[in-house]
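J.: In case you want the letters, here they are:
Protein chains: 2
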Amino acid sequence: MSLDADLPVIAVIGGTGKEGKGLAYRWSQAGYRVIIGSRSAEKAAATAEELQQLLASGGAASGMPNLEAATMSTVVVLTVPYEAHSEILKSIRPAMHGKLLLDATVPLQAGKPTRVLMPAAGSAAQEARRILGEGSEVAAAFHTISHDHLFKNDPIDCDVLVTGTSSEARAQALRLVTAAGLRGWDSGPLENSSVSEGLTSVLIHINKKYGTRHAGIRITGADQD
Amino acid sequence: MSLDADLPVIAVIGGTGKEGKGLAYRWSQAGYRVIIGSRSAEKAAATAEELQQLLASGGAASGMPNLEAATMSTVVVLTVPYEAHSEILKSIRPAMHGKLLLDATVPLQAGKPTRVLMPAAGSAAQEARRILGEGSEVAAAFHTISHDHLFKNDPIDCDVLVTGTSSEARAQALRLVTAAGLRGWDSGPLENSSVSEGLTSVLIHINKKYGTRHAGIRITGADQD
Chain A
1 MSLDADLPVI AVIGGTGKEG KGLAYRWSQA GYRVIIGSRS AEKAAATAEE LQQLLASGGA
61 ASGMPNLEAA TMSTVVVLTV PYEAHSEILK SIRPAMHGKL LLDATVPLQA GKPTRVLMPA
121 AGSAAQEARR ILGEGSEVAA AFHTISHDHL FKNDPIDCDV LVTGTSSEAR AQALRLVTAA
181 GLRGWDSGPL ENSSVSEGLT SVLIHINKKY GTRHAGIRIT GADQD
Chain B
1 MSLDADLPVI AVIGGTGKEG KGLAYRWSQA GYRVIIGSRS AEKAAATAEE LQQLLASGGA
61 ASGMPNLEAA TMSTVVVLTV PYEAHSEILK SIRPAMHGKL LLDATVPLQA GKPTRVLMPA
121 AGSAAQEARR ILGEGSEVAA AFHTISHDHL FKNDPIDCDV LVTGTSSEAR AQALRLVTAA
181 GLRGWDSGPL ENSSVSEGLT SVLIHINKKY GTRHAGIRIT GADQD
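So the sequences go chain by chain: A and B. Residue 85 in this note's numbering sits at position 85 of the first sequence, and the numbers go up by one each step. Residue 220 in this note's numbering sits at position 220 of the second sequence, and the numbers go up by one each step.
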């Protein structure tokens, strides 16, 4: 699909990492204009270039430093290692007014990725909201999606739990989940992001215990029709 | 199936409630001796009587006050409203030495069941462990299973995430999950119980949002063979 000018422009902050690059790939394929953000303008540009080459019919990915990427976009997706989470949020805060932050960050413990430990704020996404301020709209999603899957064009056997500060923030995030070829579920207020972030540790444990690399979850007993 | 004397004796504390009664029903069917515990000896006896009548081939359910039920058992399952959790745990503590506590309690907020809020200890199960002491073995499971399902003999389309203080505690809990006709997953250390307890709020939200009563989860991408 080629670029659709009516769709929001998405900045993927941390878009040079595997998860961010995979999401950027899927949204570019779906016709979104995607801006890869990185602390390094060169790395951002190189990743955008890489994506352009992967995308059969063109696509419109570009690369910029984080703050510039956030400024140029209407939705900002954050896919960074937890260690960099606060610092990067503070650096893009001036550009966030009136924009949805979609946080995909998982607060894994160094050396203990199978053990849930949430930040004092309750979750990484709640911490993000504290940094951006009371009036900000924040959603959280994509924590449990393995980046391996994103570059394959096969259907992914894993649902996405979407939490957020308002029903509208969740609806906006759910549209991006669908655009990425995934099935998402409105999973309630941002406080519930501790569950979707923590599920990542549970799934890493299940991967180790049952000898797989692709444990995921599906919601059962509910329909979206 | 009739009573199997080699199986552990299970006390279900809070066994007069719907969830506890449903689990007691399933374990009785599987040949376990089950003791219903309640603050009221009369209520415990009445529930045991009710179960006896439901069980086609007899089964061995009896009813006793909580402390007595815990004393007479080898595994203690806790299915109580969160408001009663600490107090009941303190009351059965003298009987818990060397026994597994399997905590099914969900710390739902009064009036806000769709919003995750964990106790200061991190989760109800971690709070239970604080009360029982450092050396105690605690597992957590069954949070997301709707009691409606337990009395039906149909397969249940919902997996059970099992967390616990040790691999052995989780294995023992997993055997009881299987005996109840459910599929369980070793989901890691007891800290991860915040995820399985919190998932209950997420599923209640999904029930409301998508107009169902039976949302559940399945683990995908992993096998148990």
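FYI, nobody ran anything at the bench for these hints, they're computed from the structure. Each hint should be verified, as a subset may be incorrect.
For identical chains, the list gives no copy identity; a pair is met inside one copy or between any two copies.
To be verified - In silico DSS-like pairs for lysine-lysine, Cα to Cα no more than 30 Å straight-line: (1) K43 to K209; (2) K43 to K152; (3) K43 to K208; (4) K90 to K152; (5) K90 to K209; (6) K99 to K18.
J.: Evaluate each hint against the coordinates.
T.: Now the hints, each set against the structure:
no.	hint	result
1	K43 to K209	neither (36 Å within a copy, 41 Å between copies)
2	K43 to K152	within (23 Å within a copy, 57 Å between copies)
3	K43 to K208	neither (32 Å within a copy, 44 Å between copies)
4	K90 to K152	neither (33 Å within a copy, 53 Å between copies)
5	K90 to K209	neither (38 Å within a copy, 34 Å between copies)
6	K99 to K18	within (24 Å within a copy, 45 Å between copies)
Hint compliance for this structure: hints 1, 3, 4, 5 are not met, and every other hint is.
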